[in-house]
Each structure stands twice: as C-alpha cells, then as structure tokens.
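Novice: One letter stands for each residue in the lines below.
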Amino acid sequence: MAKLKGYQIFWESLLKEGVDLVFGFPGGAVINIYDELVNYPQIRHILTRHEQGAVHAADGYARSTGRAGVAIVTSGPGATNTVTGIATAYMDSSPVVVFTGQVPTGLIGNDAFQEADIVGITRPCTKHNFLVKSTQELAETIKKAFYIATTGRPGPVLVDIPKDVLTGEAEFEYPEKISIRGYHPSTRGHPQQVKKAAQLIAQARRPIIYAGGGVIISGASRELRELAELIHTPVTLTLMGCGAFPGDHPLFLGMLGMHGTYVANMGISNCDLIIAIGARFDDRVTGKLDAFAPMARNKAVGGLGIIHIDIDPTSISKNVEVDVPIVGDAKNILEQLIDVIRTMEVDWEGRHRDWLAQLKGWDSQHPLQYEYSDEVIKPQYVVEKLWEVTQGEAIITTEVGQNQMWAALFYRYKRPRQFITSGGLGTMGFGFPAAIGAQLGNPEALVIDIAGDGSFQMNIQELATVAEYRIPVKVVILNNRYLGMVRQWQELFFDKKYSQTDISVQPDFVKVAEAYGIKGYRIEDPKEVGPFFENLVKMKEAVIVDVIVEREEGVFPMVPAGAATSEMLLDKPASAKNGERLKRLLPLNFPS
Amino acid sequence: MDEIRRHTISLLVENRPGVMARIAGLFSSKGYNIHSLSVGETMDPSVSRMTIVTSGHPLVLEQIVKQLRRLIDVIKVVDLTATGEKFVDREMILMKVNAKGDARAEAMRITEIFRGKIVDVSPETFVIEITGDEGKIKAAVELLKPCGIREVVRTGKVAVMRGPKSLKLV
Ligand SMILES: Cc1ncc(C[n+]2csc(CCOP(=O)(O)OP(=O)(O)O)c2C)c(N)n1
Ligand SMILES: [Mg+2]
Chain A
1080 MAKLKGYQIF
1090 WESLLKEGVD
1100 LVFGFPGGAV
1110 INIYDELVNY
1120 PQIRHILTRH
1130 EQGAVHAADG
1140 YARSTGRAGV
1150 AIVTSGPGAT
1160 NTVTGIATAY
1170 MDSSPVVVFT
1180 GQVPTGLIGN
1190 DAFQEADIVG
1200 ITRPCTKHNF
1210 LVKSTQELAE
1220 TIKKAFYIAT
1230 TGRPGPVLVD
1240 IPKDVLTGEA
1250 EFEYPEKISI
1260 RGYHPSTRGH
1270 PQQVKKAAQL
1280 IAQARRPIIY
1290 AGGGVIISGA
1300 SRELRELAEL
1310 IHTPVTLTLM
1320 GCGAFPGDHP
1330 LFLGMLGMHG
1340 TYVANMGISN
1350 CDLIIAIGAR
1360 FDDRVTGKLD
1370 AFAPMARNKA
1380 VGGLGIIHID
1390 IDPTSISKNV
1400 EVDVPIVGDA
1410 KNILEQLIDV
1420 IRTMEVDWEG
1430 RHRDWLAQLK
1440 GWDSQHPLQY
1450 EYSDEVIKPQ
1460 YVVEKLWEVT
1470 QGEAIITTEV
1480 GQNQMWAALF
1490 YRYKRPRQFI
1500 TSGGLGTMGF
1510 GFPAAIGAQL
1520 GNPEALVIDI
1530 AGDGSFQMNI
1540 QELATVAEYR
1550 IPVKVVILNN
1560 RYLGMVRQWQ
1570 ELFFDKKYSQ
1580 TDISVQPDFV
1590 KVAEAYGIKG
1600 YRIEDPKEVG
1610 PFFENLVKMK
1620 EAVIVDVIVE
1630 REEGVFPMVP
1640 AGAATSEMLL
1650 DKPASAKNGE
1660 RLKRLLPLNF
1670 PS
Chain B
5 MDEIRRHTIS
15 LLVENRPGVM
25 ARIAGLFSSK
35 GYNIHSLSVG
45 ETMDPSVSRM
55 TIVTSGHPLV
65 LEQIVKQLRR
75 LIDVIKVVDL
85 TATGEKFVDR
95 EMILMKVNAK
105 GDARAEAMRI
115 TEIFRGKIVD
125 VSPETFVIEI
135 TGDEGKIKAA
145 VELLKPCGIR
155 EVVRTGKVAV
165 MRGPKSLKLV
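Listed in order, the protein sequences are those of chains A and B.
The first sequence stops at residue 1671 when you use the working numbering, and every number in between is there.
The second sequence stops at residue 174 when you use the working numbering, and every number in between is there.
Mixed in with the good hints, there may be bad ones.
To be verified - Straight-line alpha carbon distances no greater than 16 Å define the calculated EDC-like cross-link-like pairs of lysine to aspartate or glutamate that follow: (1) A/LYS1617 x A/GLU1472; (2) B/LYS70 x A/ASP1391; (3) B/LYS70 x A/GLU1400; (4) A/LYS1095 x A/GLU1219; (5) B/LYS80 x B/GLU18; (6) A/LYS1082 x A/ASP1361.
Source of the hints: derived by calculation from the structure; they are not laboratory data.
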C-alpha cells in the first residue's frame, strides 16, 4: 500500500467521515494541513477571524444539522483560544471535533514555542481527547474522535496532532468500524422500567412532560408529540429543548425555570408526576432544590414521583432523586413507551380534564406579557415581530442575557434545531459565529442572531468572515446599552446600583457593519419595526440591524436565584403598570 | 440513608498516559474524596487495575461509579462494597521507627505480633513492613506510636473479590 503523509491522511480521513465544511485558523503547527488543503476542493474551509469563532461556528453547524462540526487551529494560543468554544459545546452536548496542532513530539514538555498542554487543559470540558503519538495512529484516532463525538450523549472531542505526526508517513487505511472497549452507549430502554413508567403514567391525575435538549439530539420530537397527544399531557420545555415540541401546540405550556412562564412553573410545582425526557434538572430549571416539584415528590400528598429518560446515567438522580430512571436513547424509549401505553385502556382525556383546566386558569391569570409602547421599542416586541414576519420559520441563534430569554419566550419554535443558544455555559459571543455555522449548514434557511449589544461585541470580528464568504446571516441587536441581564439583577437585588453594566460607550454598529462592507441599519421607532422586518426577510445578504430598545426592560417572570420555582416575580416590583396597556401575547390555547 | 459511607471501588482502565490524570481530575473537579488510590498493570499489559477507596453519601457514591464509567478510558468499574460480595483487601505500610533503648525491643515485639518484617536496621532506627487490612494497619500504627514513628509510607489499598468471581474485561 502506498504511504501517505500525515497531512494527507488528515484530509483523507475527513473525507471518509463525509466532512465537506471545516472552520479554522492557520498557524505554524498546522501549516502542512493548510498547504495540503488546496488538493481537496471537495472540502470548504471557512477562515474565521478568531479560533473561538471557529469552534462556535462548528458548533452552530452541528446543532442546526445534527452532523459533527469541525474546527482546525494551530498550537499554543490557537488551541487555548478554542477553550470557551469547547466548553460551550460540552455543556450543551454538541458534537464538535476540534483539531489542534502541537509542537513536534520531541519538544512536548519543553515549553517550546507555542506549546500548550491543550489535552490537559481541555480534559474536563471535552467528552474525550487525544494526543496523537504517531502517523500510524492518526487515521484511527480521527475515526474514534468522530465516533465518540456523535454517538451516545454527543460532545466535543479534541485531537491534538504534533507537527512531526503530520509530516511523517504511514500507510493509509481508514478503519471501517471501530470498537472502544470502554465505550458502549446504551440505546434501548430496559423494558421492565418502561412498563413501570407506563403504569405510573396511568395512575397520574396531574402529569407533566418536562423535555429538554436530549429530545432534539435524539430526533425524538415526533415521538414526544405522539406521546403527549396520546396521554393528553401538557409539555414544558427547557431552554435547550425549545423547538422539541411545537410552540403553538395546545398542550404546550412554554419554557419552565428561572424565566419560565407562570403556567409552566405552576404546572411543575403542582403536578403529581413528572415525565422528564432528555433534560437534566439544571439549577436554572429547579430553583431551590428542596422546593422543586413539591407535590410530585411528596408521596404523602399522593405524589407519584419522577420518571427520567436520559441517555447519560450520570444525569439520573444527580440533582433530584428520581423514581423510575430509564437509561437510553429518547427516541427508542419513547417508541417503547408508546407501544406499551397503546395496549392500556385509559380515558386519558377524562383523567386529565381538570388538570388542563387548572393550567388554563393559571395561564389566563398571568399570561406571558409585556407592556407595549409606541414611543420606545420594546425588545419583546422586536422578537414577536420577527416571529410574525418569519412565520416562525427562521433559525434563531441567540447571544446570552436578556436577549436570549426574550428570544426563547417570544418566538414560537416549530421544529427541533431551529433555536440555537448557549444554555449550559451561557457564553456571550456564541450567537453570531453560531449563526454563521447554522447558515452554512442550512443554505436555504433564514438565519437570525437575536443579539445583545454586549455579547455581539465579543465576537464582532466575525463580520469579516460574513463579508468574505457572503454569508447572509441577519444580526438583530436588542441594543439597551447595558449588560442587561446583569443590570436586571442589580435593579432587583442590588438597589439599582448599576456597577459596571452601563455600556453606552459603544461603537456605531451601523458604521461598523459598513466598515466591513456589510449592510447596517438602525431602528428607533416602534412603528418602523414591522415594515423594516418585512424587508429584512427578503434581503439575500448579511444585515446588521441595531434596534434601539427600552433600556431598563426586564425579563419576567423571574424566579430569583435560590427561590422556589413557584415563587415568581411577575413584574418589576415598584412599577405601576396600566393593565389595559399590557399586551396579551401568544395565547396558549388549551384544549377546552 | 444520609450517612457517609466508605467504599472500595475496583477499576480496569486503559494502560495509557493521561488516564490517571482523567481519574484524578474527575475526583477533584467534582469534589469527591479519595482516601487511597493504587494502580498497577494486569496480566494484559494494555490494561491497568486500579483500586480506589472513597467516601460519600450513597447518592454521591452512585454518581462516582457512573462518572467513572462515563470515562472512555475506563473499561470496567465495580463498587466492591456495594456488591455486597466478600472481598479481600490489603495495604502495605513502611514505617521508620525509633529503635534505641527500650523502643528497640518493643518495636521488634510489635512487628512480630503483626507478622511484619524489619527490612532495614540501623543503630537508631528500624524500617518495618506490615501488610494487612485497614484495621490491622491502623492498630499497628497505634501501637508503634509510643516508640516514635519518623516516617510512614503506604501503598494504598488493593482489593480482590473472594471466591471464583473476578473482574473481567467484558
Ligand atoms: C463570556 C461571558 N461573560 C460574562 C457573562 C455574564 N453575563 C451574562 S448576561 C450578561 C449581559 C449580556 O449583555 P448583552 O449582550 O448586552 O445582553 P442583554 O442582557 O443586554 O440583552 C453578562 C455580562 C457571560 N454570560 N458570558
Ligand atoms: Mg445589552
């Protein structure tokens, strides 16, 4: 067999993995890879302007398509610049494969120029990582990296490749199959557990389905909907779950947790059974742990407990002890569960009628709402209008902060992989490069980054990437001239002392866009919003829209940190709101 | 339900650089306790056997086992204590004790009682080797304290199930 150079093996292996798009940033340690790239016209390389941007873009590609995203960077600073991106992907279980160059094997450990122990640095924030020791191992390691990243509970995998491994030679044979003796993700649920779950469900009077990002990753949205409709049970979603269940479905309660809807949080607090699917009882969901789901978890008041479906055994009984754990892939388990439930004779609709009526009552008591103004643009109005104008079809990425919460609450997602946000790590600067990745993975889609003025500046350099490759993403900045979410906490819990959160010294975003050769617009009048967006969605190029919004708007409802989920602030405490001016938004239409 | 328990966990792991760092990193990042950790090659040189003694609430112990299993380089994990099976565990300790005057005879006597060995002799010190389970080692240390212990080196516990059952790769 002919011998190939390491850098050839690298690209051949990527071809074998079906990769046709990579994000990266070159440097000395990977210069051979880049030199060889020209011989692989099948692979498109997107040069981002920062390695963090490359990893977030690969992540956005992965989340929006379900395929692994790939990033290539050089050693030392190139590698360390990827850490935030990797940690972001890790927290949200996104399949990203990051290749880092490394100094030659003989120099490792010598504090060589641009040496960083990136395998050591990323050990706690990768699903797994590798240092490739020889050219012979390269192909198999790449195979393993993709396999580990994309199977089981997905996650980022880093492959560190010393320069001499790239310049060395080996016979190239890409393994067809590999087995890793310490890695066997379970897929099907234990039938006995599934049966137990079904029996519990049949006993419940006030069940609730609490579903998360795992449903999207598993491709189980159809099964989720089938189950909910079959057993006539309301669904609430986590931030990561947005899109896993249709946002306009009559059984949908909205998001739950710290900024969840009133009805979702009252639902989880008063239900007698939680069916958790691909969700991990994050502290932003549970609030004060002892007070989480007090009815379901209290047998003395007829609570039936918690059923938890998750592919990762470590997610089970980590924060909240569960009664019926089912480990495996959500799609498979839901299929199994639906099969069992279909054999049961239960008048689901009758059983849950009172419960749904109670929920409907809560929702009409405190619907998701905001105060509209015709003088100043309300950020919620911007999101609502985007939803209207795009008919709920756009892929939305977000930054982090208030913008993120409004994007989750006021846009109704129809499909999985339509809402892309940094949930677990909460990384400001994620949304813009993620939008680039999502757009490249979905060339026909309208991709919009709902941004904050603070976050957007954290990866603003990617404007050059958008300009170079003519990537038609839209960035809609909800510009409040504040690090708004932090300001909101300061307003509510720190006597309005706005310490270091006023960022009104900021660039003219329109001019910044123009400086990169990109279209930029500013909107300041609420009346402009609708007509402008009508045009925006027709524009075929990248557009940056600086929307000047109400500075001190708050995200509500809000469960203060450390409070019980049912103890929500529904509005700014002091503000005297005129009830009539509150605009009822996005009614949840419960089946009557 | 809530009391802290001490468990002995056996692992088979890939015999590869970085594996120890992954396991140690897991314990430190999650704040789990390690009382002792010992590791060595098995009959199959690509596999190492590790014995970890840890402690925590039952739910934490369950998490520890699950978290260990989640590591790609960890092939097999058995919480020996949780299985309820009987197992043998041993640790070796080397102690440098004062051996002048009365202490000399006393140290020799205690070593004998514990079926230990004196493996190094100098005019003022002995190095004593004792092997045994936790209780035995503890007792030996207590009894030798009055002689004056200068240094203690312990291997950490190793453990194996009693009877024909054994920890296999698959
Ligand atoms: C990298 C990073 N640094 C700090 C934070 C803490 N933080 C969370 S939200 C937020 C404010 C974000 O401001 P902006 O992007 O303007 O969004 P807004 O809340 O105003 O919509 C900050 C600083 C973070 N999440 N990420
Ligand atoms: Mg802001």
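Novice: So, for every hint listed, does it hold in this structure?
Specialist: For each hint, the structure was consulted:
1. The hinted pair formed by A/LYS1617 and A/GLU1472 meets the criterion: a straight-line CA distance of about 13 Å does not exceed 16 Å.
2. This hinted pair checks out: B/LYS70 and A/ASP1391 have alpha carbons roughly 9 Å apart, not beyond 16 Å.
3. Note on B/LYS70 and A/GLU1400: the hinted pairing holds, with a Cα-Cα distance of about 15 Å set against a maximum of 16 Å.
4. Of the supplied pair hints, the one linking A/LYS1095 and A/GLU1219 holds, its CA atoms being roughly 11 Å apart against a limit of 16 Å.
5. For the given pair, B/LYS80 sits about 10 Å from B/GLU18 by alpha-carbon distance, which is consistent with the 16 Å threshold.
6. With a C-alpha separation of about 50 Å, the suggested pairing of A/LYS1082 with A/ASP1361 is violated against the 16 Å cut-off.
Comparing the model with each numbered hint stated earlier shows that hint 6 is the single one that does not hold.
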